[in-house]
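Protein sequences appear in the order of chains A and B. Numbering that gives the first Met the number 0 puts the first residue of the first sequence at 0, with every later residue one more than the last. Numbering that gives the first Met the number 0 puts the first residue of the second sequence at 0, with every later residue one more than the last.
Don't read these hints as lab results, they were simulated from the structure. Certain hints may be false.
[Said to hold, decoys possible] Counterexamples of contact, computed for chain A against chain B with all Cβ distances above 12 Å:
hint: 1; residue: 13
hint: 2; residue: 32
hint: 3; residue: 33
hint: 4; residue: 38
hint: 5; residue: 47
hint: 6; residue: 52
[As the list claims (entries may be wrong)] With the Cβ distance kept under 10 Å, some of the chain B side facing chain A (calculated, not the full set):
hint: 7; residue: 15
hint: 8; residue: 17
hint: 9; residue: 18
hint: 10; residue: 22
hint: 11; residue: 25
hint: 12; residue: 30
hint: 13; residue: 35
hint: 14; residue: 36
hint: 15; residue: 180
hint: 16; residue: 184
[Claimed, not checked] Cβ-Cβ distance ranges computed for the label pairs, FRET-style:
hint: 17; chain 1: B; residue 1: 194; chain 2: A; residue 2: 36; range: 24 to 32 Å
hint: 18; chain 1: B; residue 1: 145; chain 2: A; residue 2: 44; range: 23 to 31 Å
hint: 19; chain 1: A; residue 1: 39; chain 2: B; residue 2: 76; range: 47 to 55 Å
hint: 20; chain 1: B; residue 1: 240; chain 2: A; residue 2: 39; range: 36 to 44 Å
hint: 21; chain 1: A; residue 1: 40; chain 2: B; residue 2: 180; range: 17 to 25 Å
hint: 22; chain 1: A; residue 1: 33; chain 2: B; residue 2: 43; range: 45 to 53 Å
Virtual Cβ for every residue (Gly too), placed ideally from N, Cα, C.
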Amino acid sequence: MENLQEYLPFLIPLAVIQLGLMLSSLIHVLRHKTYRVGNRVLWVVLCLVVSVIGPVLYFAIGKGDE
Amino acid sequence: MKAFIAFTKKEFTESLRTYRLVILAAVFLMLGVMSPLIAKIFPELFSGVDMGGGLTIIMPEPTVMDSWIQFFSNVGQMGMLALIISFSGIMANELSRGTLINLLTKGMKRHTVILSKFLSASTLWTASYLLCLAVCYAYTEYYWPGGVLHNAFFAFLAPWLFGEFLIALLILGGVLFGSYTGSLLSCFGVIVSMLILNIFPAAQKYNPIVLAGDTLQLLNAQKELPDFIPAAILCAASVVLLLALSVVAFNKKRI
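Based on the provided sequences and hints, a complete structural model is requested.
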């Protein structure tokens with residue numbers, strides 16, 4: 000891992016997508032009160048801990064109707 | 000036809016508003032970047048590690064095939080999972096909210112709903128898969144230029160075909176059970192039974208699940224095209240059959 004620079008073309012887009020998914024789902028969870036399934040604690044934990052699949056699950060199943 | 004176009008437009012708007020489109024694109028973009036990265040970084044992480052007693056692991060230099068191995072395993076597992084979860088509510092959302100009642104009583108044909116939903120879902124899936132493939136190809140070609148791939152078209156077509164099969168399966172599950180849990184569980188049930196069936200060598204040739212990742216063996220010419228043709232034909236036929244069944248079941252269903 001001495002040449003981190005070599006990996007930057009991979010790491011930057013990966014980090015942007017991962018963080019983007021995590022943050023957008025987290026903000027959505029915190030700004031809404033009702034969920035179709037589960038509660039706020041569950042979704043915050045899932046969005047933060049389970050990378051990628053957590054946010055996907057939230058937007059597909061957890062998000063309540065607006 | 001007018002109703003079909005209008006309903007399909009509505010489906011795309013829905014995908015946009017429920018963030019389904021963005022999420023799928025992001026996930027598959029990520030898988031496309033991740034695959035070559037894992038292929039490249041994995042040997043470096045382990046090579047030269049002293050295991051004690053003078054034992055060191057020597058990893059071979061990663062090749063173009065390692066990148067595609069990662070591509071097929073990532074898309075075949077995490078990609079398919081993301082696809083299944085994203086489209087689990089494709090029928091259930093409307094059935095449970097009763098949003099279809101108005102449209103159907105105004106004279107829209109029921110098969111229009113099924114076919115339009117399938118078309119919009121497959122368009123999304125096709126676009127995300129192509130995005131993933133293009134990104135992975137670009138990185139792979141940049142880091143390992145000039146790799147030779149055999150039967151590339153069919154090898155990459157196979158996971159896409161399996162994805163279409165999953166979408167048709169989710170639609171049928173949604174129609175039959177009317178809830179996204181029913182849709183999800185029936186889909187996972189079919190996948191698990193296919194995995195169990197795959198233990199028997201005689202069934203492997205015809206089992207559509209081999210399309211989800213095994214066509215990698217076409218790229219490095221370990222297997223030949225005829226090994227996968229029966230499974231592909233069966234998979235394509237199942238898509239048509241599942242859609243026909245969905246239409247029949249939906250026609251009989253009370254909304």
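* With a cut-off of 10 Å, does the beta carbon of residue 17 of chain B approach a beta carbon of chain A closely enough for the hint to hold? -> Nearest chain A Cβ about 7 Å off; hint holds.
* Satisfaction of the hinted span 45 to 53 Å by the C-beta atoms belonging to residue 33 of chain A and residue 43 of chain B -> 47 Å, holds
* **Assessment of proposed distance window 23 to 31 Å (beta carbons of residue 145 of chain B, residue 44 of chain A)** => Check failed, 46 Å falls outside 23 to 31 Å.
* Taking 36 to 44 Å as the hint, is the beta-carbon distance of residue 240 of chain B and residue 39 of chain A inside that range? -> 42 Å, holds
* **Interface hint for residue 18 of chain B, Cβ within 10 Å of any Cβ on chain A** => OK, holds: residue 18 of chain B within 10 Å of chain A, min 5 Å.
* **Whether residue 47 of chain A stays farther than 12 Å from all C-beta atoms of chain B, as the label says** => 17 Å, holds
* Say whether it holds or is violated: residue 52 of chain A keeps its Cβ farther than 12 Å from all Cβ of chain B. => The claim breaks: residue 52 of chain A does not keep its Cβ more than 12 Å from every Cβ of chain B (closest is about 6 Å).
* **Hint status (Cβ of residue 25 of chain B to nearest Cβ of chain A, threshold 10 Å)** => 5 Å, holds
* At a threshold of 10 Å, is the proposed contact between residue 15 of chain B and chain A supported by beta-carbon distances? -> Not OK, violated: residue 15 of chain B not within 10 Å of chain A, min 12 Å.
* To do: Please verify that hint: residue 184 of chain B, Cβ, nearest Cβ of chain A, below 10 Å or not.
  => 13 Å, violated
* To do: Could you check that no beta carbon of chain B comes within 12 Å of the beta carbon of residue 13 of chain A?
  => Incorrect as stated: the minimum Cβ-Cβ distance to chain B is 5 Å, not above 12 Å.
* Please verify that hint: residue 30 of chain B, Cβ, nearest Cβ of chain A, below 10 Å or not. => Cβ of residue 30 of chain B sits 9 Å from chain A, so the hint holds.
The structure does not agree with the numbered hints 1, 6, 7, 16, 18, 19 stated previously, though it agrees with the rest.
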